[in-house]
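Asks: Put chain B on the given structure of chain A with help from the hints.
There are 2 protein chains.
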Amino acid sequence: MAALGDCSEHKHCASPGQPRGSAPVSSWEEGRELAGGDGRVCSQLCACCWNGARGPRLPAAPDFAVDRLSGLAGSQLRGGVRGGGGQWAGCPGNAESDPAQGLSRADWEAGAFRGARGRGRPPVRTAPGGGAAGPHASSRSSRRGGSVVPRLRSALAMKPTFSLRLRIFNLNCWAIPYLSKHRGDRMKRLGDFLNMESFDLALLEEVWSEQDFQYLRQKLLPTYPAAHYFSSGVIGSGLCVFSKHPIQEFTQHVYTLNGYPYMIHHGDWFCGKAVGLLVLHLSGLVLNVYVTHLHAEYNRQKDIYLTHRVAQAWELAQFIHHTSKKADVVLLCGDLNLHPKDLGCRLLKEWTGLHDAYLETQDFKGSEEGCTMLPENCYVNQRELEPFPFGIRIDYVLYKAVSGFYISCKTLRTTTGRDPHSGTPLSDHEALMATLCVRHIPPQHTPSPTHGLAERSRLVSILKEAWIELDLGVAQARWWTTFAGYVIGLGLLLLALLCALAAGGGVREVAILLWTPSVGLLLGAGAVYIFHMQEAKGLSGARAELQHVLGRAREAQDLGLESQPALLLGQQEGDGTEEQ
Amino acid sequence: MAALGDCSEHKHCASPGQPRGSAPVSSWEEGRELAGGDGRVCSQLCACCWNGARGPRLPAAPDFAVDRLSGLAGSQLRGGVRGGGGQWAGCPGNAESDPAQGLSRADWEAGAFRGARGRGRPPVRTAPGGGAAGPHASSRSSRRGGSVVPRLRSALAMKPTFSLRLRIFNLNCWAIPYLSKHRGDRMKRLGDFLNMESFDLALLEEVWSEQDFQYLRQKLLPTYPAAHYFSSGVIGSGLCVFSKHPIQEFTQHVYTLNGYPYMIHHGDWFCGKAVGLLVLHLSGLVLNVYVTHLHAEYNRQKDIYLTHRVAQAWELAQFIHHTSKKADVVLLCGDLNLHPKDLGCRLLKEWTGLHDAYLETQDFKGSEEGCTMLPENCYVNQRELEPFPFGIRIDYVLYKAVSGFYISCKTLRTTTGRDPHSGTPLSDHEALMATLCVRHIPPQHTPSPTHGLAERSRLVSILKEAWIELDLGVAQARWWTTFAGYVIGLGLLLLALLCALAAGGGVREVAILLWTPSVGLLLGAGAVYIFHMQEAKGLSGARAELQHVLGRAREAQDLGLESQPALLLGQQEGDGTEEQ
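For the protein sequence lines, the chains are A and B, in the order given. Here the first sequence is numbered in my numbering, starting from 1 and rising by one per residue. Here the second sequence is numbered in my numbering, starting from 1001 and rising by one per residue.
These aren't lab readings, by the way, just hints derived from the structure by calculation. Quick caveat, the model's predicted, so the values are computed rather than measured. Honestly, I wouldn't trust all of these hints.
Pair ranges (Cβ atoms, derived) [as the list claims (entries may be wrong)]:
| # | chain 1 | residue 1 | chain 2 | residue 2 | range |
| --- | --- | --- | --- | --- | --- |
| 1 | A | Tyr-486 | B | Glu-1509 | 26 to 34 Å |
| 2 | A | Gln-218 | B | Ile-1468 | 45 to 53 Å |
| 3 | B | Ala-1475 | A | Gly-520 | 18 to 26 Å |
| 4 | B | Tyr-1486 | A | Tyr-486 | 35 to 43 Å |
| 5 | A | Arg-478 | B | Ile-1176 | 19 to 27 Å |
| 6 | A | Leu-453 | B | Arg-1478 | 53 to 61 Å |
Listed below are several chain A residues computed to face chain B (Cβ distance under 7 Å; list not exhaustive) [as the list claims (entries may be wrong)]:
| # | residue |
| --- | --- |
| 7 | Thr-223 |
| 8 | Val-254 |
| 9 | Thr-256 |
| 10 | Tyr-260 |
| 11 | Gln-318 |
| 12 | His-322 |
| 13 | Lys-326 |
| 14 | Leu-359 |
| 15 | Val-474 |
| 16 | Gln-476 |
| 17 | Leu-514 |
| 18 | Met-533 |
So the derived list for chain B, only partly shown, Cβ under 8 Å to chain A, looks like this [what the hints assert, rightly or not]:
| # | residue |
| --- | --- |
| 19 | Ser-1231 |
| 20 | Thr-1256 |
| 21 | His-1265 |
| 22 | His-1266 |
| 23 | Gly-1272 |
| 24 | Lys-1325 |
| 25 | Gln-1476 |
| 26 | Glu-1509 |
| 27 | Val-1519 |
| 28 | Met-1533 |
Even for Gly, the Cβ is constructed at its ideal location relative to N, Cα and C.
Looking at chain A on its own, in the form it has when it is part of the complex:
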C-alpha cells in the first residue's frame, strides 16, 4: 500500500513545503502543462490520480479552463464587495485558496476514467460582474454571528452579478468498528484526501465510531475548522460533517421508524438513523444542508423494509419542507438506499422540489450511470450486485435554490471503485464530488404553466402510490400485532400448563426445562407486539399526512387551481424551486 504524506512525486500537486494558497494558477494552459506534462505518477490520493492508472490521460476539457482562469476561493462572493475589476466567468474555482485542489481538479478532467461517462455541456457565460473577492470572504463575514450575514443580504447577495460556488463531498464511509476491512487505513486516506481537496463541505455517513470522527476532526482541523457528529440510537447515527465555513446552527431529527430491534443481524434499528441539519450563512445567503442515511435494502426481491424506507423518505421530505422555509439554498446529501426510480426517491424529490445533481449537472465524470456502489469495488458484496452489472446509484447530492436564486451543478465527479496505488478504495460506496453554483434567476425567467400541470399530476400520483404503500404497511403491522397477541395468549397457557406439570410430578424435570423457552416466547411475543404496534402508529401518522396532502390536492382541483401544484400542495410562497 502506498505511503501517504505530502505529495512530492507529482508536479501537478503543490510543491512540498509550499503553503496552501500561495501558488495561484493563472491559466488553463499552465494547468494542463502541470497536470499531465511530467508524465510521473502521483502517490497521493488526490482526485487527479484517483483513476490515473486506468488508462491514457486525455487533454483537459475547456470548460474546466473557465474555472481555473479565475483563480478564486471556493464559495466566495462575487460582485465587487471586496475587490474590483476582473471578468466574471461562470462560477469561478477556488484555486487561489488551494492551488493543489485547482490542479487536481483539472487533472481529474485530464485523467482517464475507466467506464467514465461524460456529458459535457459548456457552462453558460452570463453577464460580466464585479471583481474577485479575497479567499474566505464569505466565511469572514459569516463568522460575525447568526444574523449578521442575513442582514448583509440586501447589500451583497442582492447584487445582480452575485455568484456563489460550493464544492461538496459526500461519502458513505463504511466504517464499522471490528467489521469493516482496512477501516483505519481508509480513514487516514480519507482525511488526507479531504485535506488536499479542501471542499467547502464534506458530508459523511456510516462513521459509526465517534473515535473515527475525532481522529478525522483532528486531522482536518486546519482545513475544516467546523465539524459535527450527530449522536443518536444505540450505536450513533453515523452522520458527520466537516465544513470550511462556520456552522451557524445544527439540529437533528431521528426517524420514527427504522427497522426492528429483533433483526439484530441487520442492525439498522440500533443505529438510530436520522437526518442532520446544518445552517450556514455564506455570502449573505442562508444555506440549509441536510445529511442523511436511510434504512438499508437487504433484499430487493423481498424487501421487508420498503415501507419503512418510504416512511423515512416522507419524514425526511417533511422535515426539509418545514425547516427550510427561510433558506435560500437547500442541499441534501447522503446514502438514501433508494434507486433513482424507487418510490421513496421520487416522493422525496417531488415533495421537496430538490434536483438531482447527477441528472442536472453540466459536466459529469465518473462511474457508469452515476452509480455509487460498483461491482469493481473490492469491498462490495458481488452477489448483491448481480442483477445490476453497472452497479446501483443510491447516494445522492440533491439541491434547490429559493427566493429568487438559481442553483446549478457545474460538475459532478464520482470515484470509480478503485485506488490506483493500494488497490483498495476509500469505502464500499463511491464518493460524490459536486461543484454547485448559486446565482440570481435571470429576470426573464418564468415557469411554464404546462409544466405546472404535468408536475401536479406526477406529484399526486406519487403521493397516492406512497399512501398505498404505507396503508399496506399499516395493515401488515396490525397483522403482526394480532399474531403476537395470539402468541402471548398461547405462551401464557403453556406456562400455566408447565407449572401444573411441574407441581404434579411425573414430567417435572421436562416441565421445568421448558420454562425458559416458554418465558422467552412470551417475552419475545410481547416485544414483537410492542414494536409492531409502534410501527402501525408511526405509519398511520405518515399516512395521515399524505392523506391530508392528497385531500388538499383534490380541493385545489375542485377550485380549478391546477396550474400551481407546488403552491397548492403545501409549499409556501417562495418555497417553489426554479427550473434548473
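Replies: The following block gives chain B in isolation, referenced to the frame of chain A:
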C-alpha cells in the same frame, strides 16, 4: 349527574332550536341582562356556568362589552376588506358567528370564580379601522389552497389597521381507557362545551384512545370542520386538535428521549410523546400552532426524568425554532409537565422567545396563580399536591408574533376544578381558554438595548444550566450502561455455571430451575444496556447543540455584539419577537 343536551333552562344560552349565528347580541347591557338576569341555573357546561355554583354572580366587566359590541366572527379580518363602516374596538369577538358563545363568555366574566384572580386591565383602544367582515371571512379565503392566503398578505395583513383575533382552548383530557374515571361522560361534556364555545382552535392532550378522538370528531364536525390526531408510540401521542379553520399542513416530531420502557407503571415511554405542528393561513397570516405533552414528573424530590424533560424542552424549542422561521404567529399549547420556574420551561421560553399568556394577559380569571392542577379537582391525587396548597401550573398557552406583527393575550380563563352541576370536572387538569389578538407593531416601537443585554445574560445562564443538567444525564446514562455491562458478564457466568451443574447431576433440578431467572437477568441487563446507551447518545446530541450555541455566544461576546442576543444565538433575521 346533570343530563347534557341543548340548554333550555338558562336564558343566557341560545334558545332551544334557535340556529347558531342567528341571534346577534348588540350590547353589553343586553348580555348582562341575559347572563344573570333570570336567576335560573343552567344545566349545560357552558363557560358561564362553570363556576356558577361557587358564589354570587358579579356584574359583567366592561372590557368584555367591548368584545361583544362588535359582534363579529372570531379570527376574522378587519380592515375593510369585506365590509365597510363600523368602529373598530380592539380585537372584536366572534359573537356573530356564535351568539351563545359571546353570551357565555360574558357570563364567565359575570360569574363567580372560587379563588379567581383578576388582573383586569382595560383593552387598548387603538385607531379606528375598516368595517366588519362576514363570519368565516378568513376561513373562506384560506380554504382556497396553500399559498393563496400568503399571497394576499400584502393586500390584507399589511393594512395598518389589520387585526386578527383568536380564541384558543387547551386541555389535558386525562382520557386513559379503562383507567380514567368517568371518561365517556367527560368526553361527551367536553364535546358539548367545545361546540357551544366555538373556539378557533381546541388543542387536546391525553386523548389516548383514537376511538375517543373519532367520537369527538363526529360530535364537533359542524363547529370544527378540521381535526387531526397525532399517532405515535405504542399507545399514541394523545395529542389532537380541532380547528374551525382549514389546516394547511401538519407534521409531528417524536421526542428522542421519553423515559424507559422498563418503567411500565409510568408508561410514558409507550406513549411516544411528541410535538404536533399545524400550519394555518388566517387572514393572510401564516400561523404555526404547536401542541405537545412532555414526560410527566412523578416525584419532584427525586425526579428521575428531569434530564429527559430538559432534553425534550430543548428538542421542542429547537423544533419550533427551525420550523417557524417563516411563520407570522407562533402558538404553543400543551401540558409541559414543567412548573414556570423549572429549567425546561425557562429554556423553552428563552430560546424560542415565546411569551406566557398567563404572565402577559391583560385580563385573567380563573384559578389562583393560574394553576392547572388544583387540589379542589376531585380527580387529582391530593398527596401529590400536598406541597402546593394552590396547585401547580404545568399547562401553558405560549405565543409570539414575528415579521412586524404584535400579539397580545386579551383574556385568559381557566376552569377551577369543579363543575357546578355534576360536581365532576372535565379532567384532572384545568382547561385554558385564551383570546389572542394579532396586530401590527406600532411604528414607534423600538426594543430597549439594555433589555437586550439582560436577555442575553439570562439566556446564556439558562443554556449553561441546561448543559450541566444534560452532562450529568450523560454521565448517569453511561454509568448505567457500564453497570448493565457487568451484569451481562455476571449473567453469562451464572448461566455457564448452571449449565455445568445441570450436566454434573447433584443439584440438577435446582440448576434447571435457576435457568429462567438467569436468562431473564441477562435479557433484562441487555435491555437496560441498550436503553441507557440510547439515552446517552440522545443526551449527547442535545448537549452538543447547547454547547454549540454557548460557543457562538462566547464568539459573539468576543466580537462585542452583546446587544443583540437573540440574533447572535441562532435566531434569524425576523425571528426575534417583539415586546408584548
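Asks: If any of the earlier hints don't hold here, list their numbers in rising order.
Replies: 2, 3, 7, 10, 14, 15, 16, 17, 21, 22 and 25
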